[in-house]
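Peer 1: One-letter residues, chain by chain:
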Amino acid sequence: DAGITQSPRHKVTETGTPVTLRCHQTENHRYMYWYRQDPGHGLRLIHYSYGVKDTDKGEVSDGYSVSRSKTEDFLLTLESATSSQTSVYFCAITGTGEITEAFFGQGTRLTVV
Amino acid sequence: GEDVEQSLFLSVREGDSSVINCTYTDSSSTYLYWYKQEPGAGLQLLTYIFSNMDMKQDQRLTVLLNKKDKHLSLRIADTQTGDSAIYFCAESETGANNLFFGTGTRLTVIP
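Those protein sequence lines, which keep their order, are chains A and B.
Take 46 as the starting number for the first sequence in our numbering and just add one per residue.
Take 9 as the starting number for the second sequence in our numbering and just add one per residue.
No wet-lab data here; the hints were simulated from the structure.
Do not rely on the hints blindly, as some may be mistaken.
Just so you have them, the derived chain B footprint on chain A, three or more residues with Cβ under 8 Å [unchecked claim]:
# : region
1 : 115-123
2 : 149-158
Capping the alpha-carbon separation at 27 Å, the derived lysine-lysine pairs in DSS-like fashion look like this [claimed, not checked]:
# : chain 1 : residue 1 : chain 2 : residue 2
3 : B       : Lys75     : B       : Lys44
4 : B       : Lys75     : A       : Lys56
5 : A       : Lys102    : B       : Lys64
We treat Cβ as the ideally placed atom computed from N, Cα and C, and that holds for glycine.
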């Protein structure tokens, strides 16, 4: 298994509170991603990073911010959590090259009440 | 954005073949993938196919691509209970760095 660790694995938070999810990799891969998984929608890209301090928005970035200060860590922050952000969040990493496999973390189940 | 559609559920009996279908809209898709998600886990790559291929076989897995109809299928031969999972198709123009996922198909294998 690729060395990807997400923390926490489960979290319940109240509406309006800030939440930070962490993704840590030991593979020294350049690209890191945050996806959310919702029934009927599959996985949708929130933000991604193509290097330290280099990030960009994905399909569903509103209400989320990210930071990457080190190659191994990619943080996803919900500035003010809303119930619509209740979801399962997955971190993924890829290397470089034409055909690369995306490796996924175990996921973080976030519930906003 | 690109649309990738899958049926949500499929049930098969153990030992039968399973066929999971996927349609996509992006005519520029170059890479098409199948990922498997077991309960409580992340996604794992099962197989992929280039858009210039019609078929790819890998042990019990057969991928068929009809590029004209933008239709991708995954056939699992001799389906086992361990194959019960959610299967996602995904497409990309540029590789794993820019994936668009389908809604996922939950495969249930009945003993």
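Peer 1: Confirm or reject each hint.
Peer 2: Quick rundown of the hints versus the structure:
1. 115-123: Not satisfied, violated; 0 residues make the cut.
2. 149-158: n = 4 at 8 Å, threshold three: holds.
3. Lys75(B) <-> Lys44(B): holds, 22 Å
4. Lys75(B) <-> Lys56(A): Since the Cα atoms of lysine 75(B) and lysine 56(A) sit roughly 42 Å apart, the hinted pair is violated (cutoff 27 Å).
5. Lys102(A) <-> Lys64(B): violated, 33 Å
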